[in-house]
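All chains should be modelled from the sequences, with the hints used to inform the complete structure.
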Amino acid sequence: MVSLKEIVPAAQNNIDTKFILLDKGSKTIEGHNKTCLALVADETAAVHFQLWGDECDAFEPGDIIQLANGIFSYNRNSLVLRAGKRGRVEKVGEFTMVFVETPNLSEIHWVPDPNNSKKYIQDAVISPHSRIFPPKY
Amino acid sequence: MALNLIRIASHEAENPVGCSLKEAFELLEPKLRPPLAITIPTPQEYLLLNKAILYGVLCETHFAKTHIKHLHAIVIDGYGLFASLIATVVNELYTKLVDPVKCQLIWVTKEMIDVQAVGIHGLLVCFLRQIVGGDFSDGNLWLCFEIVSIFLTKWDSLLEVEPMILTSGLYTYLPLLADHYRLLSNPKLEALKQLEIDFCIKVLREQFSVCLKIGRDLVRLLQDVVHIPNFRATWKDLVLNQDKFKTPGFSVISQLYNTRTSSQYILLRISPEMETQLRFLLTCVKLGSQKRYQAWFAKKFLCAPNRETLIVDIVRFICCAHHPPNEIIQSDIIPRWAVVGWLLKYCTKNYVQANVKLALLYDWLFFDERVDNIMNIEPAMLLMVYSIPRYIDVTHTLLEFLFLLVDNYDVEHKDIIIRGVSSSLRVLVKKGVICSLDVLTSCDALSPVLKERLDRFLSGAELEISRG
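From first to last, the protein sequence lines are chains A and B.
Reading the first sequence from the start, the letters are residues 1 to 137 in UniProt numbering.
Reading the second sequence from the start, the letters are residues 1 to 468 in UniProt numbering.
In short, the hints are calculated from the structure, not lab data.
Worth double-checking, as some hints may not be accurate.
Unchecked claim - Here are the simulated DSS-like cross-link-like pairs (lysine-lysine), alpha carbons at most 25 Å apart as the crow flies:
| # | chain 1 | residue 1 | chain 2 | residue 2 |
| --- | --- | --- | --- | --- |
| 1 | A | K24 | B | K102 |
| 2 | B | K69 | B | K110 |
| 3 | B | K299 | A | K91 |
| 4 | A | K91 | B | K102 |
| 5 | B | K300 | A | K136 |
| 6 | A | K136 | B | K299 |
| 7 | A | K18 | B | K300 |
| 8 | B | K69 | A | K24 |
Stated by the list, open to error - One side of the interface only, derived from the structure: several residues of chain B facing chain A at Cβ under 8 Å:
| # | residue |
| --- | --- |
| 9 | H11 |
| 10 | I38 |
| 11 | P41 |
| 12 | F280 |
| 13 | F401 |
What the hints assert, rightly or not - To list a few chain A residues with every Cβ distance to chain B over 10 Å, as calculated:
| # | residue |
| --- | --- |
| 14 | V2 |
| 15 | V98 |
| 16 | P114 |
| 17 | D123 |
Just so it is clear, the structure is predicted and the values come from calculations on it, not from any experiment.
No residue lacks a Cβ here, since even glycine has one placed at the ideal position from N, Cα and C.
Here you go:
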């Protein structure tokens with residue numbers, strides 16, 4: 001299990017983590033499936049999470065979610081965390097988790113590591129908070 | 001066919017309590033079928049067998065009697081373990097259980113009362129805490145009905161085991177009755193209301209000496225039901241005629257006022273899930289980050305119509321049952337007064353707001369340094385002080401309400417109340433909760449009328465007059 005701050009974009013389904021869902025956007029149709037963008041966070045960072053298919057209705061703000069074998073990568077030009085075909089999300093609780101809304105990993109510009117072209121490193125902060133789900137309060 | 005124990009929504013993790021019961025059942029299933037072979041189990045086997053039998057009782061309704069016979073044959077601990085397993089199911093799974101399993105849970109609880117199981121009081125408390133104030137859904141009304149029926153039909157057994165159980169029931173059902181009476185013309189409620197009245201009156205009339213142990217919150221709850229036929233008469237009889245309870249020099253009422261209500265009673269009105277979330281909010285969430293949590297809490301527990309009355313109980317919980325240690329008080333965690341301020345603003349109905357203010361200031365009225373805890377009166381004081389100057393209307397409304405209570409709450413016992421409020425103010429300064437009352441008396445934003453009243457009160461003049 002890793003904390004959100006530790007994840008970096010990669011084409012691998014290997015992220016096991018836990019977070020709390022803070023906000024949900026409206027559902028859209030992508031191909032034949034529903035998707036829905038959500039803001040999720042743990043005590044180290046926040047990130048955009050893409051809910052897919054029936055996941056869109058299964059989770060509500062305040063739910064604590066465990067992700068197994070997730071992937072953090074570009075999807076149609078935006079950087080999102082998601083379960084993907086091989087991963088799994090499960091509601092494991094509600095409410096009792098602390099979180100931060102900054103940094104938001106989806107609002108960071110990542111570049112290939114000059115020493116290891118397969119890896120990404122942080123280049124610049126685009127926005128400290130989510131621009132899609134601006135801080136409400 | 002065995003039922004499922006709980007409903008699991010899509011993408012919801014398995015529940016550990018449910019799983020452990022099911023695993024025990026699946027492991028021991030062959031041994032649960034007649035003819036039963038009774039052997040002397042090791043403690044580990046005994047635990048497993050109790051779990052398996054409970055799962056059988058709950059999920060195999062058609063074999064429930066066989067499973068209970070099995071339990072009677074193997075029990076060696078006065079049913080203590082079995083009752084504690086039922087309590088765990090009620091505490092952790094109740095809202096998720098499928099309806100037939102809820103019926104079985106009530107049935108097996110009655111069986112446990114009949115055998116006077118160890119821990120039956122605790123088990124009934126678990127059920128009482130699942131009854132939600134202000135919730136008129138069929139499921140909640142069903143639970144109210146089943147539990148009050150248990151209290152009435154099993155009265156003698158319960159009285160024999162532990163008369164205090166009845167006071168827990170009374171503490172739960174008085175405010176429910178107030179709720180149920182407020183909602184006019186609902187035929188579904190009529191039968192339930194009658195049972196609730198019968199039960200509450202029976203406890204008050206027949207077990208009043210035990211009721212006295214509830215303490216001052218009993219008076220607060222009774223005030224909300226005195227308009228219901230029978231209650232006014234019962235209350236008057238108790239207060240005026242029960243000479244045997246009177247200590248020389250003290251009326252029954254003053255005896256109640258002088259007894260601080262134990263947090264065990266306060267917790268009866270708060271479900272375990274609500275308690276977990278409130279304690280998390282007040283232990284882990286930093287001031288400034290609370291808004292999302294408050295919105296989630298409100299959506300889950302307060303949004304439905306009529307749920308507002310619950311805020312009264314939540315404020316009592318915060319004042320009397322959640323006392324954070326100094327490390328939390330000195331940290332940047334959201335303080336209790338701020339949560340109370342939010343809840344006060346959340347009330348839309350006047351009578352709820354009045355009851356919330358009463359809940360917040362209630363211990364002020366009878367405060368006695370020797371028996372009372374300063375933590376019960378601290379939130380109201382800090383809310384008044386920290387609302388200056390931005391939310392001065394909060395300071396006004398609370399101070400005004402405090403003097404309204406001094407003048408009108410109980411004119412017969414005005415001396416007690418003046419003494420209580422005076423010592424509250426004195427002790428709050430003495431113990432350093434606030435440096436001085438100047439923050440109120442010299443506050444420019446505070447209305448001159450209130451300042452003058454406060455000055456007069458602090459000068460001790462009212463205390464002198466009340467002493468006659």
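Subject >> Ascending list of hint numbers which this structure does not respect >> reply: 1, 8, 10, 11, 13 and 15
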